[in-house]
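Chains as they are written, first to last, in our numbering: chain C, 1 to 421; chain L, 422 to 720; chain Y, 721 to 1018.
Be a bit skeptical, because a hint or two may be false.
[As the list claims (entries may be wrong)] In silico lysine-lysine, DSSO-like type, Cα no more than 27 Å apart, as pairs:
(1) Lys189/C <-> Lys161/C
(2) Lys189/C <-> Lys263/C
(3) Lys143/C <-> Lys251/C
(4) Lys505/L <-> Lys286/C
(5) Lys505/L <-> Lys237/C
(6) Lys327/C <-> Lys110/C
(7) Lys171/C <-> Lys289/C
(8) Lys327/C <-> Lys314/C
(9) Lys408/C <-> Lys219/C
(10) Lys110/C <-> Lys317/C
(11) Lys317/C <-> Lys161/C
(12) Lys317/C <-> Lys171/C
(13) Lys793/Y <-> Lys110/C
(14) Lys110/C <-> Lys774/Y
(15) Lys286/C <-> Lys336/C
(16) Lys171/C <-> Lys408/C
(17) Lys408/C <-> Lys793/Y
(18) Lys219/C <-> Lys187/C
(19) Lys755/Y <-> Lys110/C
(20) Lys251/C <-> Lys793/Y
(21) Lys189/C <-> Lys244/C
(22) Lys244/C <-> Lys408/C
(23) Lys768/Y <-> Lys314/C
(24) Lys161/C <-> Lys143/C
(25) Lys110/C <-> Lys171/C
(26) Lys755/Y <-> Lys408/C
(27) Lys368/C <-> Lys327/C
Hint data in this document are derived by calculation from the structure and do not stem from the laboratory.
Letter by letter, the chains look like this.
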Amino acid sequence: MRFTRRAAIAAVGVAALLSAAACGGGDGGGSSTKDVEVFTWWADGGEKAGLDGLVAQFGTACADYTFVNGAVAGGAGANAKQVLASRLQQNDPPDTFQAHAGAELSDYIKAGQVEDLSAQYGEWGLNNAFPKGLIDNLTVDGKIYSVPANIHRANVLWSNKTVLTQAGITKDPASLAEFFTTLDALKAKGVATPLALGKDWTQLMLLETVLISDLGPDKFTGLWNGSTDWAGADVTKAIDDFTKLLGYTNKDRDSLDWTDAEKLVMDGKAAYQLMGDWEAADLDTKGFKDYGYAVFPGNGDTFQWLADSFVLPKNAKNPDGTKCWLKTVGSAEGQKAFNTKKGSIPARTDANPGDYPQYQQTAIADWKTAQQVPSCAHGSACSQGFQGAANSALGKFSSDLDTAALQKALATAASQFAKTN
Amino acid sequence: MTTTTTPAPPATPTPAAPRRPRRDITPASVTGRAVRYALLLFFLIVVLMPAYVLLVTSFKSGSEIGVTGQWNLPQRWTTASWVKAWDALGPSFVRTFQLAVPVALISSFIGAANGFVLSRWRFPGADAVFTLILFGMFIPYQAVMIPLREIVTTIGVPPGIPTLTLVHVIYGIPICTLIFRNYYATTVPEEIIEAGRVDGAGLLRTFAWIILPVSMPGFVVTVIWQFTSAWNDYLFAIFLSNTRNGPITIALNALAGAQSPDYAASMAGALITSLPTLFVYVVLGRWFIGGLMAGSVKS
Amino acid sequence: MGKRIKRWGPGLLLISPSLVVLAVFVYGLIAWTVKVSMSDEHDALGSKGFVGLKNYTDLFTNDINDRFTHSLKNLLIFTVVFVVGTMVLGLLWAFLLDRGVRAEGVFRTVYLFPMAVSFVASGVVWRWLMNSNTGDDAGGLNWIFGELHLGFLQNSWWTNPDWGMAAMAMPAIWQLSGYVMALFLAGFRGIPQELREAAVMDGTSTFQLYRHVIFPQLTPVALSALIIVGHMSMKMFDLIMSVSGAQWLTEVPAVYVWQALLTSDYAKAAAIAVLLLLFVAVLIVPYLVHTTRAERRS
């Protein structure tokens, strides 16, 4: 039997080799208790600048801890969300991660992946620092689970002032009808792409703003909680308007990210682009000053909002460090450091508008008075499942312009996902 | 031996073209040759086009970088993008070596042992077992990915490189076994093993003293194959690691897939990512040949 | 009996760790995936009820916009173009090189080098080469077509809703034709020289030599190449993710799995993955059985 024993030894040897190799590469995964790994998809442009501002404030307020950048770039957060899902499932959460307030955050809360922060809210005096409507979106069953860093507005129409002036356009279109007239005028003046557009989720944003114009804010909000029927004639009308708008956009939209579409505006090849107000910071970072902005035509004073917030994941390695990060995020200084650079407005109500660049001053004023509606493309209105189905349906629509199929697909998605929210 | 299946790993097949009896030079044969060389050159250029764009763009700067004008040579050559790309990819570059080298070595040893048993120290049902092993090579890894995440956590393997090492070794067993089995079946005569057995040599002694010394060509093939697939893998990497602890493909994707990617740095990064595997192919390719010919497609 | 076990026992023991590991990590995990695919685990909450084959039938009959069927259609176009492209180019290159050329090593190395590059890396540049702009804005291949006065060849590449997947196969063909060439070249060189010489003696023309002597000898190689390229095609993921990203136009089942996991729809992801496995199995299993039999005969 001596061969058998040797074979056994060989087998053990192989196993030992395996585990030796396993230890060899282990240094990447370890982290000291001083490290706070902050997981975001803010890897460049204005987003990175905002994060850097927050990190600087964190360095001052939490000198005991070291910031570790866990940003995952690409796919407008899609890559990051996949990596995050994987890490949460592997029980290897970052010390804190970025989550959109609203339906998207509820997914994490319901799955039991984030900790209750109600006690910290009391301790840090945050209960009255944020507007009540926002707090409601962070709360499930009376407990608060995240600290909001900012408010973004999604329904802003950006423009290249020079292109507009050259085409003789002097005032912002106030309704969809006026918008179509303006786009026609631009086309007649030889502007190849009156409206710049990117791929899937950017198309969803455009559809949502058209829905706001055609349905009004109340019925629009109802689309996401089941009280408005997706199969209705008003939705059909909105989809028709959306289809008409696509006719003014660049043909290669399905291969462009939002920044590629932004570049069309910057280069003067396009006149308008619908995008969230992170575009302001991005344009500033890129040194482009010749831009104008207005609420999307027909949206009136509706403020389509989304909010980035940070959480304390279950089993975070350094909960004390995370709490210091969250405290910084919620503090007046932290919100100022972050939002002046990122182009968003502070979630806190006590901010001084004078600290902010011009665009944000208007947004801060609007936020107080405007009617608020959520955004599906950015997770405040719908769950990730709904979002995925809507993006896919729009991807198909962009290639075949089949309006009936789009409406049916969205209605089906709503029946599958809206009630589970 | 019939021609037996084999995903012959990439290789430059060896022996030079056999010399044929010289024929008279006729106009027809001259034209034929001209056409042949023209075609070969045409395809050479086509195949090199993407490499050309990568290379010239990586040395460009500022407004020269762009889709339009991508074929132009840089007006001003700069290595700034290479520096930037290296800053972004450096740590993961090192990590990928920590992954790919152990994977290549461990898989090869396991493959050699298995291949030896399945070809020259067979047991009843060895063929059926071999077929079952082989199937593991073809499965779409999505079909194991969902529970795989859970099981590596349960076993307690640290995330990142250790997890990926384990996974690549495991899913590399089928191909390494296949390569060595076919290699031994065609290069190691059964008689040598039998002679050893008559002399009382046991399994391990036979493996260590008779088999391993002649296994070099097989090792070259499996090491290159496993090194390359671990280095180039994206699927396992995206599911089981992240930019902080993952291999270079993840880091490159983060660099090139960012919202406003720096194209020159992305292209420099793509070249940096490809250098080790290119080195392996182009430089070690020659040693690879014998092993491939013996171990793979064999008439 | 004891003697026989003593004869083959150690071999079985040496190989047994691999067998155990593969039994768990291949067959065990596949069984686990099948189990998930028959549950209603559609979100991170993970309710684990058994729903039988519902997730499978839903994919074919109840998927929004027939998304799954669409991904299969994309995969089919991709596979046909990719397989035909690599086989034709690989065979052509091997044929050209087999006849003996100067600097054969240079050609071989260049044709083969894309194989060493990852799809993630080559995707970076193919995104540019397949830029869909035409006319003055043209870049990449469209620009070349323009310069060569082949403007009619300019096209929208992978963004074309009908044939985009054929364009998506181009980088894959670029990457793997050299590999197929290597297989065929090894096949050519494996044909005994006497066979060729005998044929030449008999006065067979070059065409007939290839038609009746050489190509028939290559059938097994061609089959191997077909299987390898075919199964790679079905698993295609990296390339599509790095060229177009995950989106409707270029969605194939492997990418759909990723998208379903992104929304924590584990049951759906598992069902698609199992179907993908079945498609591969339909291709692979008969081949493996055939090979094992052929081997036993010889």
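Tested hints:
For the hint pairing Lys189/C with Lys161/C, the CA-to-CA distance comes to about 15 Å; that is within 27 Å, so the pair holds. Distance restraint check for Lys189/C and Lys263/C: the Cα-Cα separation of roughly 20 Å lies within the 27 Å cut-off, and the hinted pair is therefore satisfied. For the given pair, Lys143/C sits about 47 Å from Lys251/C by alpha-carbon distance, which is inconsistent with the 27 Å threshold. Between Lys505/L and Lys286/C the alpha-carbon distance is near 19 Å, which keeps this suggested pair within the 27 Å criterion.
The suggested pairing of Lys505/L with Lys237/C is violated, with an alpha-carbon distance near 50 Å, which exceeds 27 Å. Distance restraint check for Lys327/C and Lys110/C: the Cα-Cα separation of roughly 24 Å lies within the 27 Å cut-off, and the hinted pair is therefore satisfied. A C-alpha spacing of about 19 Å is found between Lys171/C and Lys289/C, which places the hinted pair at or below 27 Å, so the restraint holds. Proposed proximity of Lys327/C and Lys314/C is supported: the alpha carbons are some 18 Å apart, at most 27 Å.
Restraint check for Lys408/C and Lys219/C: satisfied, since their Cα atoms lie roughly 18 Å apart, inside the 27 Å limit. Of the supplied pair hints, the one linking Lys110/C and Lys317/C holds, its CA atoms being roughly 21 Å apart against a limit of 27 Å. For the hint linking Lys317/C to Lys161/C, the alpha-carbon distance of about 49 Å lies beyond 27 Å, and the restraint is violated. At most 27 Å may separate the alpha-carbon atoms for a hinted pair to count; Lys317/C and Lys171/C exceed this at roughly 54 Å.
Proximity of Lys793/Y to Lys110/C is assessed by CA-CA distance (about 36 Å); at most 27 Å being required, the pair is judged violated. Proposed proximity of Lys110/C and Lys774/Y is supported: the alpha carbons are some 25 Å apart, at most 27 Å. The hinted pair formed by Lys286/C and Lys336/C meets the criterion: a straight-line CA distance of about 21 Å does not exceed 27 Å. At roughly 37 Å between alpha-carbon atoms, Lys171/C and Lys408/C are farther apart than 27 Å, so this suggested pair is violated.
Among the hinted pairs, Lys408/C with Lys793/Y is consistent with the structure: their alpha-carbon atoms are about 21 Å apart, no more than 27 Å. Restraint check for Lys219/C and Lys187/C: not satisfied, since their Cα atoms lie roughly 33 Å apart, outside the 27 Å limit. Taking the CA atoms of Lys755/Y and Lys110/C, the gap is about 24 Å. The hint holds against a cut of 27 Å. The suggested pairing of Lys251/C with Lys793/Y holds, with an alpha-carbon distance near 23 Å, which does not exceed 27 Å.
For the proposed pair Lys189/C and Lys244/C, the alpha carbon gap of about 19 Å is at most 27 Å, so the pair holds. For the hint linking Lys244/C to Lys408/C, the alpha-carbon distance of about 19 Å falls within 27 Å, and the restraint holds. At most 27 Å may separate the alpha-carbon atoms for a hinted pair to count; Lys768/Y and Lys314/C meet this at roughly 22 Å. For the hint pairing Lys161/C with Lys143/C, the CA-to-CA distance comes to about 46 Å; that exceeds 27 Å, so the pair is violated.
With a C-alpha separation of about 47 Å, the suggested pairing of Lys110/C with Lys171/C is violated against the 27 Å cut-off. With a CA separation close to 31 Å, the supplied pair Lys755/Y and Lys408/C exceeds the 27 Å bound. About 24 Å separates the Cα atoms of Lys368/C and Lys327/C, which keeps this hinted pair within 27 Å; it holds.
When each numbered hint is compared with the structure, violations occur for hints 3, 5, 11, 12, 13, 16, 18, 24, 25 and 26.
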